[in-house]
Amino acid sequence: MVINSLRWTIRDLDAMPDDGGWKRHEIIDGELFVTRAPHIRHQSAGGNIHVELEVWSRQTQLGKPFQAPGVIFTPTDAVIPDVIWISNERLANGIDEAGHLTVAPELIVEILSPGELNERRDKEVKLKLYSLHGVQEYWIVSWQLQTLEIYRRTGAQLQLAGTLLVDDTLNSPLLPGFSVPIAQIFL
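Under numbering that gives the first Met the number 0, the first residue of the sequence shown is numbered 0, with each subsequent residue one higher.
Honestly, the hints are just simulated from the structure, not real lab data.
Some hints here could point you the wrong way.
With a straight-line cut-off of 30 Å between C-alpha atoms, the simulated DSSO-like cross-links for lysine-lysine are [said to hold, decoys possible]:
{"#": "1", "residue 1": "Lys22", "residue 2": "Lys127"}
{"#": "2", "residue 1": "Lys63", "residue 2": "Lys22"}
{"#": "3", "residue 1": "Lys127", "residue 2": "Lys63"}
{"#": "4", "residue 1": "Lys122", "residue 2": "Lys22"}
{"#": "5", "residue 1": "Lys63", "residue 2": "Lys122"}
If you anchor each label on the Cβ, the simulated ranges turn out as follows [to be verified]:
{"#": "6", "residue 1": "Gln60", "residue 2": "Arg40", "range": "28 to 34 Å"}
{"#": "7", "residue 1": "Lys63", "residue 2": "Gln42", "range": "17 to 23 Å"}
{"#": "8", "residue 1": "Asn117", "residue 2": "Asn170", "range": "24 to 30 Å"}
{"#": "9", "residue 1": "Pro16", "residue 2": "Gln145", "range": "36 to 42 Å"}
{"#": "10", "residue 1": "Asn87", "residue 2": "His132", "range": "42 to 48 Å"}
{"#": "11", "residue 1": "Asp166", "residue 2": "Arg6", "range": "44 to 50 Å"}
A virtual CB, placed ideally from N, CA and C, is assigned to each residue, including glycine.
Work the whole structure out from these sequences, hints included.
This is the structure in C-alpha cells:
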C-alpha cells in the first residue's frame, strides 16, 4: 500500500496566487480544503451573529468578534471560521505579523454550506480540531434549517450541549448577559 505523504502547510498557502476572495483555502491536519464563496444567506447569518457579538462586546469590553479571520493553530492546521469571539487577554498576544490569530479564540462559529462533505468537515473534522486546540464553545449554524447547535467544552473536548430552533433564545455562560433570539440570526 502506498501512502500519500503530501502534507500542506501554511507556507504552501502563502505561495498560492490570490484568487480575489472567491475561494477559501484551509488546512486541517495537513489536508487542503478549498471551498467557494458562500451563499448570501450563509453570509447574512454570519453577519447577524457578528453584529450581536459586536454590540455585546462594546457594552462589556471583554473581547472582540471577527468575521472570517485566519486562525493558525499549527503549520498544518490553518482555518478561516465564519465568525469568532476572542477575549482581550488572548487577543493581546495572539496575532502574527500578517494579522492572523495564532491562539484559539474562546468561541468559533461555522455556518454550514450545502453538501455532505461541507457538513462532515464542520461537524466532525473541525469539531475535533477545535476541541484539540482549546476552543471553549463552538456554534454550528444551519441557515437552511434555521438551527444553531452549541458545543461546549467538557473536560478535554467539545460536547453537544443543545440544538436551538427558531423560537429559542441563544445564551452563553462564556458571554455573560449575551442573549439573542435565534429568529434574529436568520432575518
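Verification of the supplied hints:
no., hint, in the structure
1, Lys22 <-> Lys127, "holds (23 Å)"
2, Lys63 <-> Lys22, "holds (25 Å)"
3, Lys127 <-> Lys63, "holds (24 Å)"
4, Lys122 <-> Lys22, "holds (20 Å)"
5, Lys63 <-> Lys122, "holds (25 Å)"
6, Gln60 <-> Arg40: 28 to 34 Å, "holds (32 Å)"
7, Lys63 <-> Gln42: 17 to 23 Å, "holds (20 Å)"
8, Asn117 <-> Asn170: 24 to 30 Å, "holds (28 Å)"
9, Pro16 <-> Gln145: 36 to 42 Å, "holds (37 Å)"
10, Asn87 <-> His132: 42 to 48 Å, "violated (19 Å)"
11, Asp166 <-> Arg6: 44 to 50 Å, "holds (45 Å)"
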